[in-house]
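Sequences are here, hints too, so could you generate the full structure?
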Amino acid sequence: QKEVEQDPGPLSVPEGAIVSLNCTYSNSAFQYFMWYRQYSRKGPELLMYTYSSGNKEDGRFTAQVDKSSKYISLFIRDSQPSDSATYLCAMSGQLTFGQGTILTVHP
Amino acid sequence: DVKVTQSSRYLVKRTGEKVFLECVQDMDHENMFWYRQDPGLGLRLIYFSYDVKMKEKGDIPEGYSVSREKKERFSLILESASTNQTSMYLCASSFSGGNNYGYTFGSGTRLTVV
Numbered sequence: 001q002k003e004v005e006q007d008p009g010p011l012s013v014p015e016g017a018i019v020s021l022n023c024t025y026s027n028s029a030f031q032y033f034m035w036y037r038q039y040s041r042k043g044p045e046l047l048m049y050t051y052s053s054g055n056k057e058d059g060r061f062t063a064q065v066d067k068s069s070k071y072i073s074l075f076i077r078d079s080q081p082s083d084s085a086t087y088l089c090a091m092s093g094q095l096t097f098g099q100g101t102i103l104t105v106h107p
Numbered sequence: 108d109v110k111v112t113q114s115s116r117y118l119v120k121r122t123g124e125k126v127f128l129e130c131v132q133d134m135d136h137e138n139m140f141w142y143r144q145d146p147g148l149g150l151r152l153i154y155f156s157y158d159v160k161m162k163e164k165g166d167i168p169e170g171y172s173v174s175r176e177k178k179e180r181f182s183l184i185l186e187s188a189s190t191n192q193t194s195m196y197l198c199a200s201s202f203s204g205g206n207n208y209g210y211t212f213g214s215g216t217r218l219t220v221v
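First to last, the sequence lines map onto chains A and B. Quick note: the first sequence uses the working numbering, first residue 1, plus one each step. Quick note: the second sequence uses the working numbering, first residue 108, plus one each step.
Among these hints, one or two may not hold up.
List of simulated lysine-lysine pairs, DSSO-like, C-alpha gap at most 27 angstroms [claimed, not checked]:
no.	chain 1	residue 1	chain 2	residue 2
1	B	K110	A	K2
2	B	K110	A	K42
3	A	K2	B	K178
4	A	K2	A	K67
5	A	K42	B	K120
6	B	K162	A	K2
7	B	K162	A	K70
8	B	K177	B	K160
9	B	K125	B	K162
10	B	K178	A	K42
11	B	K120	B	K162
12	B	K164	B	K120
13	B	K162	A	K67
14	B	K125	B	K177
15	B	K177	A	K2
16	B	K178	B	K125
17	B	K160	B	K178
For the record, the hints were derived by calculation from the structure and aren't laboratory data.
As structure tokens, then:
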């Protein structure tokens with residue numbers, strides 16, 4: 001079993017939809033949880049960072065961590081075509097990455 | 108802004124060639140990493156370094172070596188390139204310490220071995 005599981009998709013939604021991206025993990029020692037966004041032919045860039053269980057909001061993006069269930073989510077509200085990218089979850093200390101979910105938001 | 112610069116965006120090499128991938132960061136980060144990214148397999152750690160002249164094997168070090176002679180530079184070496192090393196290679200860097208604020212990645216080098 002992989003330490004971090006992420007549905008690779010692909011996920012295709014219409015503009016304006018709410019998107020939910022999820023990861024599960026098995027290592028209870030993970031303390032830091034991150035979401036990276038990777039545009040085509042680019043390196044991943046840090047999108048959201050959380051430390052504890054609960055929600056963290058940044059504009060249209062909300063990161064949610066449930067340590068008891070070993071489950072993290074990223075919600076995107078009012079999705080835009082510019083959100084089309086691969087989204088990777090990652091967990092610390094030395095980062096362990098999910099497989100990445102390919103998201104397409106079509107106009 | 109932290110910058111991680113990878114020397115080449117695209118590279119085509121022949122089987123058996125020795126290949127050097129260079130990575131430079133400009134924010135005095137202690138840690139540097141090399142990953143490869145393949146469809147369906149995600150990011151896989153090849154090697155990492157916590158300090159100058161230090162190196163540690165990641166999950167898939169076979170066929171690769173690294174060099175870190177200066178803090179800002181971390182090189183990945185393919186001793187004898189093979190077609191199964193065709194991939195996107197990503198370099199990343201980060202600070203050390205208890206609070207992990209994530210990694211900063213370069214734009215990647217897409218290597219094709221023919």
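Now for the hints, and whether the structure bears them out:
Note on B/K110 and A/K2: the hinted pairing is violated, with a Cα-Cα distance of about 31 angstroms set against a maximum of 27 angstroms. Distance hint between B/K110 and A/K42 is fulfilled; the C-alpha atoms sit about 13 angstroms from each other, no more than 27 angstroms. For a cut-off of 27 angstroms, the pair hint linking A/K2 to B/K178 is broken: about 32 angstroms separates their Cα positions. With a C-alpha separation of about 17 angstroms, the suggested pair A/K2 and A/K67 falls inside the 27 angstroms cut-off, and the hint holds.
About 21 angstroms separates the Cα atoms of A/K42 and B/K120, which keeps this hinted pair within 27 angstroms; it holds. With a C-alpha separation of about 24 angstroms, the suggested pairing of B/K162 with A/K2 holds against the 27 angstroms cut-off. This hinted pair does not check out: B/K162 and A/K70 have alpha carbons roughly 31 angstroms apart, beyond 27 angstroms. Restraint check for B/K177 and B/K160: the C-alpha separation of about 8 angstroms stays at or below 27 angstroms, so the hint holds.
Of the pairs offered as hints, the one joining B/K125 and B/K162 holds, with about 20 angstroms between alpha carbons and a cut-off of 27 angstroms not exceeded. With a C-alpha separation of about 24 angstroms, the suggested pair B/K178 and A/K42 falls inside the 27 angstroms cut-off, and the hint holds. Under the criterion of a C-alpha separation no larger than 27 angstroms, the hint pairing B/K120 with B/K162 is consistent with the structure, at around 25 angstroms. A C-alpha spacing of about 24 angstroms is found between B/K164 and B/K120, which places the hinted pair at or below 27 angstroms, so the restraint holds.
Restraint check for B/K162 and A/K67: not satisfied, since their Cα atoms lie roughly 32 angstroms apart, outside the 27 angstroms limit. For the hint linking B/K125 to B/K177, the alpha-carbon distance of about 21 angstroms falls within 27 angstroms, and the restraint holds. Taking the CA atoms of B/K177 and A/K2, the gap is near 34 angstroms; set against the 27 angstroms cutoff, the hint is violated. Between B/K178 and B/K125 the alpha-carbon distance is near 23 angstroms, which keeps this suggested pair within the 27 angstroms criterion.
For the hint pairing B/K160 with B/K178, the CA-to-CA distance comes to about 9 angstroms; that is within 27 angstroms, so the pair holds.
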